[in-house]
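> Below are the chains, spelled out letter by letter.
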Amino acid sequence: MSTATPTFSGGAPTPGAVASAAWSRVRTWRPGLVLAGLVLLFFVVAAAVPSLLASGSPTDIDLRGALRAPSLEHLLGTDQNGRDLYTRVVYGARESLLIGLGATALSTSIAVVLGVSAGLAGGIADAIINRFLEVLFSFPVLLLALLFVTVFGASATTQIVAVGIGTAPGYARLIRGQVIAVRDSGYVEAAGALGHSYARIVRRHVLPNAMRPLVVVVTLGVGQAIVWASGLAFLGLGVAPPSPEWGALLDAGKNYVQKAWWLEVMPGLAIVAFALSVTTLGRALQARLEGGTER
Amino acid sequence: MSTAVLDDRPAPPDAQLLRARLRRPARVAVRILSALGVLWAAATFTFFVQSVLPGDRATLIINQDTGQTIERSAAELAPINERFGFDDSLVTQYGHYLTGLVQGDLGTSYRLKQPVTTIISEQIGPTLLLTFSALALAWIISIALTVATARRGRIASSVASGFEVVTAALPHYWLGVILLVVFAIDLQWFPVEGGTGFVGLVLPALTLAIPLAGFLGQVTREQFERTLDEPFVTSARARGMSDLGVRVKHALRHAVLPAITLSGWALGALFSGAVVVELVFARAGLGQVLVDAASARDIPLVSGVVMLVALVYVIANLIVDALYVVVDPRLGKAA
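Residue numbers (this note's numbering), protein chains in the order written: chain A, 235 to 529; chain B, 229 to 563.
If you are wondering where the hints come from, they were derived from the structure by calculation, not from laboratory data.
Any given hint could turn out to be false.
What the hints assert, rightly or not - The calculated SDA-like cross-link candidates involving lysine to any residue, where the alpha carbons are at most 20 angstroms apart (straight line), are:
(1) B:Lys341 with B:Asp315
(2) B:Lys341 with B:Leu415
(3) A:Lys488 with B:Ser523
(4) A:Lys488 with B:Val409
(5) A:Lys493 with B:Trp417
(6) A:Lys488 with B:Glu453
(7) A:Lys493 with B:Phe411
(8) A:Lys488 with A:Pro476
(9) A:Lys493 with B:Pro343
(10) A:Lys493 with B:Asp520
(11) A:Lys488 with B:Lys341
(12) A:Lys488 with B:Val410
(13) A:Lys493 with B:Ala510
(14) A:Lys488 with B:Asp520
(15) A:Lys493 with B:Val420
(16) A:Lys493 with B:Pro419
(17) A:Lys488 with B:Ala512
(18) A:Lys493 with B:Gln416
(19) B:Lys477 with B:Ala510
(20) A:Lys488 with B:Ala510
(21) A:Lys488 with B:Lys477
(22) A:Lys493 with B:Leu415
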């Protein structure tokens, strides 16, 4: 079970003990987990069928009802054109989630290619790729993203590419470490001693085991990606304002902070709630997969 | 490995073990060479990104200046091409770029038509002040929180680590807006538009420091609790050392090691966070300049800042390596 946790060099605990420890840990997280699951479910439904959660239209203008504070009638208040913010947040979920998923898909693809080839090749190729990753690492994600926006112009696609490339080096290093740990493990050595071919060992042993943490990475990554992408949009370098995409809502609300705090706080709350819920679920998943070594 | 998934934070360098086996002067030389290597590669990378810009750069510059999007005649383009050297071969341009960098020349801004170094040096002061105040503040918060709450009963410790998990996930723009609304607009304890004084620095620095404190706190706490189980802690307690003494003199010294490593990395992240925070608080600094440059597609200015941050990152990590030996003398003797 605990195949790839090189940092924990203590004696190997018995599988049964590990499983029960993991389970008790998951159980203590339960209320948080349930809440996180509900939040995630809400946003997934909002992205799939927004009309289920909000009856109005995100573009209905009511100038007499402009800049109303949150109330029972308008749960999250209204914007400068009297549009209902709750409805807009619900309708914005689809594009925000797609940007997050797209960026994560891109970054994990890059990471898998770089990480696996570095980990398997070893030697000079590994050193070069590792060096390259270190260089990319010296750029903060946001700055790297800014550079890409500068070169390609602001749009949703640029946002996905910028965030995807910006977050890839971290994941690539993780996967490389994982591949190396599995490559040097006892069971791979055993498979080699049994005379299995290199291709078979890679396919049957190294890849499946090295890819296991990827589930967690992707889960945590989507939340992170949405936070980064909305940061770009907040700077006015993402999806442009008339769209109800969460980052665009932040950008639009920027000029009204003093008069209408909810225009900035509420879309941000949606982003944070989403990011925290996927992080909570991702960590619980991680605790299970790694056999209770979480924290 | 378990927490490494959370963020794209750096793994502890593999090279460190190797370096520990070399003698000290050799070790320092290798370290500096590799730092230069990182800078060279960073420069090459930014140059490459610049050169893949779609469309003609001279046309882009004229159109940005005039606010039009039309085709330009060769006569119009020629002076621009001449001035920025766009007609030279890619290799020549690369050579110019590198020799410029060595001499501290980051090129000329497309939009402002001034040397990038001049623009940056005029604006960077407040940004650096903000970045370093935030780093100091983050350390103070995370250490105070760890020393006060680690292993101090279930409730204190879980409240504190809950705080760390939540704050580490907060985006700067959101936290900044909340602090702004609560403390500047509602309570009016601080000015809404920052200004340059100390009072104007408090909220922006807090905004940057709180998420980093949560992040550093998680790492420090883990190490801190592990250290409290070590035999030398038991022996110190047996000698009659006070609880606070054990925590500060023994456990903390071990616990800050990972946090020091992460600080070198965090400096770059803080710097780019400062850009966002400056916009939230309408603070003077590099932030507004950088964002304007990005939307006007002023590549030399943006990549100049990127190179500068790469330089800061490299220097910070050299300092971190030196600090490591100070805090953990065992590393210095490893030769």
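> Give a verdict on every hint.
Each hint tested on the structure:
For the hint pairing Lys341 of chain B with Asp315 of chain B, the CA-to-CA distance comes to about 19 angstroms; that is within 20 angstroms, so the pair holds. As the CA atoms of Lys341 of chain B and Leu415 of chain B are separated by approximately 43 angstroms, the hinted pair breaks the 20 angstroms bound. Proximity of Lys488 of chain A to Ser523 of chain B is assessed by CA-CA distance (about 17 angstroms); at most 20 angstroms being required, the pair is judged to hold. A hinted pair counts as satisfied when its Cα atoms are at most 20 angstroms apart, and Lys488 of chain A with Val409 of chain B qualifies at roughly 12 angstroms.
Between Lys493 of chain A and Trp417 of chain B the CA atoms are separated by roughly 18 angstroms; this keeps the pair inside 20 angstroms, and the hint holds. With a C-alpha separation of about 42 angstroms, the suggested pair Lys488 of chain A and Glu453 of chain B falls outside the 20 angstroms cut-off, and the hint is violated. Of the pairs offered as hints, the one joining Lys493 of chain A and Phe411 of chain B holds, with about 15 angstroms between alpha carbons and a cut-off of 20 angstroms not exceeded. Restraint check for Lys488 of chain A and Pro476 of chain A: the C-alpha separation of about 14 angstroms stays at or below 20 angstroms, so the hint holds.
Of the supplied pair hints, the one linking Lys493 of chain A and Pro343 of chain B is violated, its CA atoms being roughly 39 angstroms apart against a limit of 20 angstroms. Annotation: proposed proximity of Lys493 of chain A to Asp520 of chain B is violated, straight-line Cα distance about 25 angstroms (limit 20 angstroms). A hinted pair counts as satisfied when its Cα atoms are at most 20 angstroms apart, and Lys488 of chain A with Lys341 of chain B does not qualify at roughly 30 angstroms. For the hint linking Lys488 of chain A to Val410 of chain B, the alpha-carbon distance of about 16 angstroms falls within 20 angstroms, and the restraint holds.
About 16 angstroms separates the Cα atoms of Lys493 of chain A and Ala510 of chain B, which keeps this hinted pair within 20 angstroms; it holds. In summary, the hint linking Lys488 of chain A to Asp520 of chain B is supported, as the alpha carbons are separated by about 16 angstroms, within the 20 angstroms threshold. Taking the CA atoms of Lys493 of chain A and Val420 of chain B, the gap is near 12 angstroms; set against the 20 angstroms cutoff, the hint holds. For the given pair, Lys493 of chain A sits about 16 angstroms from Pro419 of chain B by alpha-carbon distance, which is consistent with the 20 angstroms threshold.
In summary, the hint linking Lys488 of chain A to Ala512 of chain B is supported, as the alpha carbons are separated by about 17 angstroms, within the 20 angstroms threshold. Between the alpha carbons of Lys493 of chain A and Gln416 of chain B the distance comes to roughly 14 angstroms, so the proposed pair stays at or under 20 angstroms and holds. Only pairs whose Cα atoms come within 20 angstroms are accepted, and Lys477 of chain B paired with Ala510 of chain B is rejected, the gap being roughly 42 angstroms. For a cut-off of 20 angstroms, the pair hint linking Lys488 of chain A to Ala510 of chain B stands: about 11 angstroms separates their Cα positions.
Under the criterion of a C-alpha separation no larger than 20 angstroms, the hint pairing Lys488 of chain A with Lys477 of chain B is inconsistent with the structure, at around 46 angstroms. Restraint check for Lys493 of chain A and Leu415 of chain B: satisfied, since their Cα atoms lie roughly 15 angstroms apart, inside the 20 angstroms limit.
Comparing the model with each earlier hint shows violations of hints 2, 6, 9, 10, 11, 19, 21; every other hint is respected.
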